[in-house]
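Position chains B, C and D against the provided structure of chain A, taking the given hints into account.
Chains as they are written, first to last, in the UniProt record's numbering: chain A, 1 to 433; chain B, 1 to 433; chain C, 1 to 433; chain D, 1 to 433.
In case anyone wonders, no lab produced these hints; they're calculated from the structure.
This list has only true hints and no planted wrong ones.
Since the list gives no way to pick one copy over another, a pair counts as held whenever it fits inside one copy or between any two copies.
Straight-line distance between alpha carbons at most 27 Å, and here's what the computed DSS-like set of lysine-lysine pairs gives:
| id | residue 1 | residue 2 |
| --- | --- | --- |
| 1 | K343 | K381 |
| 2 | K51 | K19 |
| 3 | K421 | K42 |
| 4 | K396 | K343 |
| 5 | K201 | K19 |
Number of protein chains: 4
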Amino acid sequence: MVPRYARPAMTALWEPEAKFRIWFEIEAHATDALAELGVVPKDAAAAIWEKGAFEVDRIDAIEAEVKHDVIAFLTNVAEHVGPEARFMHQGMTSSDVLDTCLAVQLSRAADILIDDLDKLLNAIKHKAHEHKLTPTIGRSHGIHAEPVTFGLKLAGYYAEFSRNRARLVAAREDIATCAISGAVGTFANIDPRVEAHVAEKMGLSVEPVSTQVIPRDRHAMFFATLGVIASSIERLATEVRHLQRTEVLEAEEYFSPGQKGSSAMPHKRNPVLTENLTGLARMVRSAVTPAMENVALWHERDISHSSVERFIGPDATITLDFALARLTGVVEKLIVYPERMQKNLDRMGGLVHSQRVLLALTQAGVSREDAYRLVQRNAMKVWESDGELSLLDLLKADSEVTAALTPEQIEERFDLDYHFKHVDTIFERVFGA
Amino acid sequence: MVPRYARPAMTALWEPEAKFRIWFEIEAHATDALAELGVVPKDAAAAIWEKGAFEVDRIDAIEAEVKHDVIAFLTNVAEHVGPEARFMHQGMTSSDVLDTCLAVQLSRAADILIDDLDKLLNAIKHKAHEHKLTPTIGRSHGIHAEPVTFGLKLAGYYAEFSRNRARLVAAREDIATCAISGAVGTFANIDPRVEAHVAEKMGLSVEPVSTQVIPRDRHAMFFATLGVIASSIERLATEVRHLQRTEVLEAEEYFSPGQKGSSAMPHKRNPVLTENLTGLARMVRSAVTPAMENVALWHERDISHSSVERFIGPDATITLDFALARLTGVVEKLIVYPERMQKNLDRMGGLVHSQRVLLALTQAGVSREDAYRLVQRNAMKVWESDGELSLLDLLKADSEVTAALTPEQIEERFDLDYHFKHVDTIFERVFGA
Amino acid sequence: MVPRYARPAMTALWEPEAKFRIWFEIEAHATDALAELGVVPKDAAAAIWEKGAFEVDRIDAIEAEVKHDVIAFLTNVAEHVGPEARFMHQGMTSSDVLDTCLAVQLSRAADILIDDLDKLLNAIKHKAHEHKLTPTIGRSHGIHAEPVTFGLKLAGYYAEFSRNRARLVAAREDIATCAISGAVGTFANIDPRVEAHVAEKMGLSVEPVSTQVIPRDRHAMFFATLGVIASSIERLATEVRHLQRTEVLEAEEYFSPGQKGSSAMPHKRNPVLTENLTGLARMVRSAVTPAMENVALWHERDISHSSVERFIGPDATITLDFALARLTGVVEKLIVYPERMQKNLDRMGGLVHSQRVLLALTQAGVSREDAYRLVQRNAMKVWESDGELSLLDLLKADSEVTAALTPEQIEERFDLDYHFKHVDTIFERVFGA
Amino acid sequence: MVPRYARPAMTALWEPEAKFRIWFEIEAHATDALAELGVVPKDAAAAIWEKGAFEVDRIDAIEAEVKHDVIAFLTNVAEHVGPEARFMHQGMTSSDVLDTCLAVQLSRAADILIDDLDKLLNAIKHKAHEHKLTPTIGRSHGIHAEPVTFGLKLAGYYAEFSRNRARLVAAREDIATCAISGAVGTFANIDPRVEAHVAEKMGLSVEPVSTQVIPRDRHAMFFATLGVIASSIERLATEVRHLQRTEVLEAEEYFSPGQKGSSAMPHKRNPVLTENLTGLARMVRSAVTPAMENVALWHERDISHSSVERFIGPDATITLDFALARLTGVVEKLIVYPERMQKNLDRMGGLVHSQRVLLALTQAGVSREDAYRLVQRNAMKVWESDGELSLLDLLKADSEVTAALTPEQIEERFDLDYHFKHVDTIFERVFGA
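Pulled out of the complex, with its shape left as it was, chain A reads as follows:
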């Protein structure tokens, strides 16, 4: 976890305090269920809720000695609860606590991330509607292709992050299971009803079959999903970085008064937020492979996954939370330059209309091959003139072209609005009616 890329709510989730609180709740709820089943005295269960407490420092001190975190925790809680503490953890194994706790943490983390996605979706939606009909050039291969609107660009990101939201909801469900099944998952020393009770109280579903641990394919799927979301962040970040390039400058990250773009070059305004997001995306994605390598634990479990999860549990969720919030800010405050978009659209001398002329020629009876050749030979002249020449002028002066199309028919193909007639259709698909 790098503090500068961390926000308080998500970070708090991973603090020892929060973790031990969840442990305590799991143990206490389990003891309730054991009491209900008559396995332990009801007084003991009540005493745990009443007198139960813990101190992070004290747990650390005990762990340094016994080298086992759950035993250290139980010992510390017992110091508060007294002799009735011996009824805690009856028939359970450490992983019952650890894995159920991780499920709680990851599902809460998912809740925060889903909320982050909602905010981002909202920001994109707002900006998309604002620029629903702002003309801008569509680019394939970084080369001008045909006109789109800036709102359409954003609609694509909206749809993508909507998919990511749905994926995260599924991944959250995948991860949110409770296992209280004992040393090797047989419930030998603990009744399955304890598991059911704790699951319900902690907002989880019951893990159908655990070994000692909750199977790690669930976690692999969770982190893989975060990796996909991060990749989408990279896509939008890359778009902004391109739009802010000096030669393009169709949009810019907000640049606050007093900000300095460069210590040496006072003229600079750099897309540093989206560059940063590009790097953060790499980091979130880097959690995917170790999470997958964690799946093949030996037999009923080994503990190799644990150190990995101590890193990627906090790191991937905290970083993604930060990244989504940063991206939301970038979108909300993005400065858009419609005039510059128009200027760029016009700079190619009308080349962006080449396809329409091609189609008009074929519809007028020219073969596709000939039509392609006719348009391309004029287009290449414009291309090489760096937009000084106009495609419309050249076409009107090309006798092979005018043999098939009248000047009016050619001009008609240079109409910008023609391209936007289905924007409503797409917006309805993406944002609903």
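Here is chains B, C and D on its own, set in the frame of chain A:
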């Protein structure tokens, strides 16, 4: 694609023949829709279906010249269809064909993989029921923990691969979209109804908003899902490899008569299939990162994803198909040695019952700390004797233990069946009533 | 391996024919050494060289039965050599042949790649000298920073690929070892002098200690090195893609007559080669993680690495060979537009000289903070004018600036050549005197 | 960084205090060189060393406002130095400081890691010599193969970590360069001699050509090397985990008095350290891909690498340092059970000698195929008896075998020492004379 790790049906999906056939169908269906809308003559649409044909070699030859695969394909088809061919591809862009084709290929690949998973699930289920109550030692950290049944082990794998099946169904849905939206996704030169028609005919849903391409977050999610499945394969493969170790030998891959385990050592019978699966899992997983790196295409698209997909499209699906089938064979033919399982269970001098004695002591009023100490001091002696000493004997000779428990109470804790009383519960959870 | 991304020489290296030829040489040289040591008859060794032969199809047929490739090979060779064939492979194990063969293949692959790098270096060097003093704008964050020369850009790539060459030479040395040490590496049944003899004949060094296999850290390092080289390819490819963007267009991939950039848009000239290289870089890099996962084989070896290497051995080397050759072609044929570079340089109204004015102000006694503020306030006006305003004009009209600097002193800071005075120094560092 | 997997010396390297100290030294040395060249007053350079100071908190506060870390640092230092501070950083750009600082940090980190490797090598060497002739079974595929010594196993690890040491030395050299070349690497506003001076003072070499940044292929190579080392750690960790398995138990991690292996099962002694190392290896390796993705920065640089390096710079080096030290401890304190090794060696009824009999048969004139068949048919009986039968007995009772070999000749092949005759040779290769 490595031929030895490839099966015919999946491989055929990725052959040029299959690809061009899908291209042809997309183009022909699109022309139908265009004809229906009155954009092109109905005769032309009919002619394409009637006279349309292609030859892989001829397409390759044309592509070598024009350096554009879709143009090469269209040119070749036109050689068969004649002048009416110019009505094909009207208002479409290459990616409309390429990306919709990839969606068809990946969803068909998913269908094969879902079928593979069903076969694997069936094999595991059968073996699990066969060994539902075969006692075997559960191991955490590679160390004997407590008894489980071999059926329970397999139930865990069944549940895991069931989850993988559900994930793959979701990933298939994610990937199965059709985009016929033109050069930058605006439908400028093609009616959205063409897209809807082709989607329906090809068994796809409509891509709500495409740029020039179908967004690559869908593909990233697809390959990430394959990576998770591969990781589960690795887990089961690793289990078998462990079980076949000389010192464990509780199960073995089928070893056919005439097979040679080693050119130098005639005594060898190696778990080569599951070792192979371990390697194949690494390979399937290696597709995940490039698939995620493919997401952030520039603006409305660049073509960097294409070369990646030419590798991982076939490689990841073909390899996973092969691996699932191989794993199914391993499970079906697995030779299980219940006597050896029992022998291993017994070899630790009863240490596997240590927890039950611990619990009995605490229930008899001994503090958890003292109980732990009492059991551990006897257990360590057994451990160091390599199973020569018996935990039961030592406990019965330990006066601090017998102060709390009678010999009968101690013996009662060494009952194997005690551990299996919830096997039915778990089987019902996993396999249903 | 994807045929379109493969070149013949590298591909041939990985064909069965080549592999079996290397196997044969290893076995025959080993038999020579055994004969020299008196372990087998000299006649036998001679017979193997004389009569030894193999057929790929026949080996495949035998392997289908015995399920062991080396045994199949030996059986086939024995069919040619006759009874004396039984002296082949004496005391050796399959991995002695397989791993030594892989070492030969990877070191020959490295030789091809080193040659590729030399050609690429040559192409870059030539272009760098051609444009040693061609002014172009240096960009940080995609934003105009200060002037550089196009030759300097290329010098950076030259230096980077020179480092890559040195790394590959080291990785080649790392991988080029011979192990003929028997079933578990003890030389129990084979004299170490056999290993030394084969090593020398095959151009390898002796593996100091093998288990059954050559340790896989060597291969991990090899593929990691390929991954770094691929990343450098991506950097240069990305540079070209940026330079070819419509709004930048300072350089272009060669576009051959008759080539079609887009099936729909006749005006397009896309940087498809470098986009392709970007994707290929992802693929080469994807070999790194599985190669590293291959290191931790169990005990003296398991065979999980083998399937991985059947993929990445050919794929990573063939793809990198193709990519280096393609990149060399891109560099050699790159169309550079110096006028456009100058035009872009000038388009920011002189903003690129902001630092020099800043320095001049501080040297004239203005505090760094004040100087920054003075320059920035004028620079931002120019920035917002999209280059319509001139920084020089504004500065000369800013009384706080002119209080510190005369108009002549300001103008002096707008001299382009000032930036190029150390180009020679850098070229000497990179290319030598 | 996860505190429990961090050691103080390496962690301190990455603290803000250490970083700013390096920044200060770079700036101060640069000012010295500028003074020497007459660019700035000598008094200013002296003042910086004399009065220069900084406070981490103050820098953070300033950065919160100006959003630029180097400017914040310079402002804070200026608060101490006074007006002469304006001569600091003359003609430099932030990356001159940041990248040179990172080079210092990474090369110091490498020094610590090299020292870690030396300690590990020493531990392995000591243990290897202690068990140079301790017989143990060599295993391929997890199956008994032929005898080795435990010292030979360790010699392999020694050789592997020696290679890793050499690789790290090379990677350290690769990373240890200084760039003080200004905004786009042209030395426009700073003399190359400043760079040379700072390089020398900071123990670095001069970066031949920088853009604004030191090229990231150097860092990619560095982290890739760490990834290879981590993979070797995983190999040795996996070996120990296997050796400690209940059924094998040939060696064990040290288990301290008072330690608890399991909260529920008092009999457990788990290889938790090496399992932990397996997980840590995954984490170190996870830095490799983002480091490679960092290479393709845009043009003269973008800042996407920065956030990645804020994670992986500390995380990968701190974790690897911890892992190497932990592994050294594991090796030093490893409890080895030679009797158990012998017991395991013997448990296969002599199967491990099958190859020697095979060779003896072929040398006695039996064809390889027949010899294989003869040995295999007896070996399989022993295999299936779980070591109850003896291969020697069966062979002596097999008339086809005794037709070729006398009982004495057969017995001779069951001599353990035969396998160890070249241990000295290998030790000399690995450890020197």
